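Trainee: The residues making up each chain are set out below.
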Amino acid sequence: MEPAIAFRDVSYGIRGKEVLRHFELEVAAGETLVLLGRSGSGKTTALKMVNALLTPVSGEVTVEGKPTREWDPILLRRRIGYVIQEAGLFPHYTVARNIAVVPELVGWERGRIEARVDELLSRVGLPPGEFRARYPRELSGGQRQRVGVARALAAEPSLLLMDEPFGALDPVTRRDLQREFVALRRSWTKTSLVVTHDVREALVLATRIALLHEGRLEIVATPREFLAQKTGEAQIFLAALEALPVT
Amino acid sequence: MPASLAHEIASLTGEHIVLVAVALLTASLLGIPAGVFLTRKEAWRSAVLGFTNVVQTIPSLALFGFLIPLPFVGGIGKRTAIVALVLYALLPILRNTLTGILGVDAAVVESATAMGMTDRQRLFRVELPLAAPTILAGVRVAAVTTIGTATIAAAIGGGGLGVFIFRGLASVDSSQILAGAVPAALLALAADGGLGWIERRFARR
Chain A
1 MEPAIAFRDV SYGIRGKEVL RHFELEVAAG ETLVLLGRSG SGKTTALKMV
51 NALLTPVSGE VTVEGKPTRE WDPILLRRRI GYVIQEAGLF PHYTVARNIA
101 VVPELVGWER GRIEARVDEL LSRVGLPPGE FRARYPRELS GGQRQRVGVA
151 RALAAEPSLL LMDEPFGALD PVTRRDLQRE FVALRRSWTK TSLVVTHDVR
201 EALVLATRIA LLHEGRLEIV ATPREFLAQK TGEAQIFLAA LEALPVT
Chain B
1 MPASLAHEIA SLTGEHIVLV AVALLTASLL GIPAGVFLTR KEAWRSAVLG
51 FTNVVQTIPS LALFGFLIPL PFVGGIGKRT AIVALVLYAL LPILRNTLTG
101 ILGVDAAVVE SATAMGMTDR QRLFRVELPL AAPTILAGVR VAAVTTIGTA
151 TIAAAIGGGG LGVFIFRGLA SVDSSQILAG AVPAALLALA ADGGLGWIER
201 RFARR
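Residue numbers (the numbering used here), protein chains in the order written: chain A, 1 to 247; chain B, 1 to 205.
Warning: the hint list may mix true and false statements.
What the hints assert, rightly or not - Pulled a few chain A residues facing chain B out of the computed Cβ check, cut under 10 Å: (1) M1; (2) P73; (3) Y82; (4) V102.
Unchecked claim - Rough simulated footprint, nothing fancy, chain A against chain B, three-plus residues with beta-carbon under 8 Å: (5) 101–113; (6) 126–137; (7) 145–152.
Note that these hints are calculated values from the structure, not bench results. Only a predicted model underlies this, so the values are computations on that prediction, with no experimental measurement involved. For each residue, glycine too, the CB sits at the ideal point set by N, CA and C.
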């Protein structure tokens, strides 16, 4: 089957600094692939190429078999859900309007949008009656992130991109949201690409983990295979996992 | 106060308001789109801001004088006065539009782009609404200074409350000066208060 996303010999640099070097990766339809790596490993750069926020200097990224260069970027982005740290909600829109952004852009009719907003709010654990009319500043960090996820799912994208989606949350809320995300994922058939530097998060969320190191792909492995790694960057990440000061 | 003086104050205040309103409206119609343009074209920024900054440093009486000999915009009368006032009002409006839009949270702008908004949709639905309080603050500063500067318009036949002030200066009659200065000060306070109120309403959303 054709991969949902494919990176083919992708390189990217800014101001002479290479961020990605000959990056190759295929994301299969329906899987949750986590891009794991340290700061500056190129994982966010790779993510932003999928919805054409960045364009490869060489090589190509294909989405549903078509290179991003050939997609109309506006249409491509409307088909892809995007979640970032701190959610990036519009502060002047209510929760309901924030969630409705993409459905409105693609011209859904009013009734369908309203029904979808309520459905999504319920799905991410925010009672619509209570939350629809609130503004982002009236929400907690965890609630904002839930709205961010609902907004990304609004227009039923087949593809979801998440950049450190739970990064700004306290550890307890983060654990809750990760758990809910995994539960949510079982009920859909979306392909997700998630960026994180948190190996624990990668192990919880991923069906497969792609480990990046200095702009190169180090390994691609299932969480089980990843845990069995004994060498290289994977071992360094796993060591960080075990280094808990528990006596 | 004799009825004729009251009548004159009223008519010159009206003239003053028209001068200021036309100048502010023109400066906003030029300055806001120009500010938006500069957010998109970084290369133009320093040149355009530099020009408006230089204009700001020219003493107002001198600027009126410079404009008089110019074709189309110059001459004696209201048109020249308005051109000068527009030049002065441009800087705060332009600068605040630029900083207002550049000051919108980068994550919010990135979200707008990543959700598939066109540049125009992002501008009108996200950037301008969020920059509105800052842009309005610029218009407010421009309004207050323009009301003051417009009193000098009388020096080149532009009319307005400056007529009293120049007449009072020429005849060493401080009551005439006050007849111009007090209404101008009140106008400035009213404009400041009114625009401040609108600004706060925008900011509260």
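Trainee: All hints, please: hold or fail.
Mentor: Taking the hints in turn, this is what the structure says about them:
1. M1: Where the cut-off is 10 Å and the nearest Cβ of chain B is about 26 Å from M1 of chain A, the hint is violated.
2. P73: holds (8 Å)
3. Y82: This hint holds: Y82 of chain A lies near chain B, its Cβ roughly 4 Å from the closest one there, short of 10 Å.
4. V102: holds (5 Å)
5. 101–113: holds (count 7)
6. 126–137: holds (count 3)
7. 145–152: Three-residue rule not met by the region 145–152 of chain B, so violated; n is 0.
In this structure, the hints that do not hold are numbers 1 and 7, in rising order.
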